[in-house]
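Undergrad: Sequence:
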Amino acid sequence: MIDLRQFEVWFITGSQYLYGPEALKQVAVNSQEIAQALNRSAHIPVNVVFKAVVKTPEDATSVCQQANSAARCIGIMTWCHTFSPSKMWINGLKQLHKPICHLHTQHNREIPWAAIDMDFMNLNQAAHGDREHGFIMSRMRRKRKVVVGFWQDAPVQERLGTWCRAAAAWHDWQGGKLCRFGDNMREVAVTEGDKVMAQMQFGYSVNGYGVGDLVKRVQASSEKEVESLLAEYESQYALSPKLRRSGESRSSLREAARIEVGLRGFLRDGGFKGFTDTFEDLHGLAQLPGIAAQRIMADGYGFGAEGDWKTAALVRAMKVMASGLKGGTSFMEDYTYHLNTKRGLVLGAHMLEICPSIAKGKPSCEIHPLGIGGKADPVRLVFDTPPGPAINVSMIHLGNRFRLLVNEVDVVSPEKPLPRLPVARAVWVPKPNLQIGAAAWIYAGGAHHTGFSQAVTTEMIEDFAAMADIELVVIDGDTRLRQLKQELEWNDVAYGLRGAFAA
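-2 is the number of the first residue of the sequence shown in the working numbering; add one for each residue after it.
Incorrect hints may appear among the rest.
With beta-carbon atoms standing in for the labels, derived distance ranges [to be verified]:
1. His40 to Phe117: 57 to 67 Å
2. Arg139 to Asp0: 24 to 34 Å
3. Arg106 to Gly262: 29 to 39 Å
4. Leu478 to Arg241: 50 to 60 Å
Just so you know, these hints were derived from the structure itself, not from any lab. Since we're looking at a predicted model, the values are computed, not measured. Don't be surprised by glycine CBs; every beta carbon is placed ideally from N, CA and C.
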């Protein structure tokens, strides 16, 4: 699990010297109380650190500069206890490179009807102080999240926690490295994209490495490491008879373990956060990494099949967002449909590489022919996914911009057993239904590869898209195709006005 407690969000309060030293002392005390309460909240997965009461332009600039250079700081949370003139924030906000959450709250929950006087009014001015603060960020076209409500209430803390998870994922992308073994699947369009543009906008780099480099690591795997991994397989999964100690395919399981040892070492030593491979470039490997990709993904790495680096990066970001939450996150693909007139279903799967974090019960470890790739039969984990709400997310490159596309879905149990389907899978109903959901996805240009999660929420992706300054399209229970097509047309115009269309 990725430890989100290594990160900090700085709590910064706005005020000014107009109110005198006693009022400013109270502002600081109240601010520290709120920050400490948020830091203790079970809904907020990172550390919340009270940092400053901003009273001058110099204060605002200094704290924003400090936030930029602080390695553990993933963003700032602002609140204006009193009125905080917004011009003094301009220079600091211009320099700030980290996400902002604007908490619109006040220290007191209720108006003290019998005791309220002008001293109280002067001290507790968030109702209009935060509006001044909000104006300057709107005037500067600064993307941020606004959360409104009393700071002790669980729904408020939950929304703050959602933003913190997105901020942690955005922070994780900065300077992140993705490894590609081979190129993308030949002649496929949607897995292509501008890696230079992605690095400029998102902060992570994508570079290719020869499969031969991986093969060397696989061949160097020690017998001790392999045996240790085989013991893990035996304890964690239900091994098919062929893969047990006396089974006819035990050597294939050993080879799968050797591949996992080598792949883990390559990723660890290279400092990578995600990777891709392709069945069209496996020279030197005995089998396509199946169980290796599944297990490594379960440890928080991003993965994309067939060279799909955008999805690998997306899965990594969603893994960070989901850390510590109930429900898993995986690479996924819409594979085939159940076009029943009463309830249309999607069966999601892939050849091999679905993360066991989304498994219902104990996965089965099996070996079966693949039919493509021209290699030996690969070992993989086979399981179903538990029912419940989930999202499918796609990152696509449209030439002049990136688009994040979300479809909310309801995972259901398969209507009948799937005894002859030797892959991990999930079955879901897209919202609002298969006909509208699939049409909307296709109109929006969504990819066939996605990041699938029963832990990450649409709101997290919305916050993440704002931090990345990219387009977001959501398909949910309220989606209507006529309105969605209009939204896509408007977005093309809006993003066209932001810059010239790329070829």
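Undergrad: May I ask you to test the hint 24 to 34 Å on the CB atoms belonging to Arg139 and Asp0?
TA: Holds, at about 29 Å.
Undergrad: May I ask you to test the hint 57 to 67 Å on the CB atoms belonging to His40 and Phe117?
TA: Given about 29 Å between the Cβ atoms, the range is violated.
Undergrad: Is the distance from the Cβ of Arg106 to the Cβ of Gly262 consistent with 29 to 39 Å?
TA: 54 Å, violated
Undergrad: Taking 50 to 60 Å as the stated bounds, is the beta-carbon spacing between Leu478 and Arg241 within them?
TA: Given about 52 Å between the Cβ atoms, the range holds.
Consistency with the previously given hints fails for numbers 1 and 3, ordered from lowest to highest.
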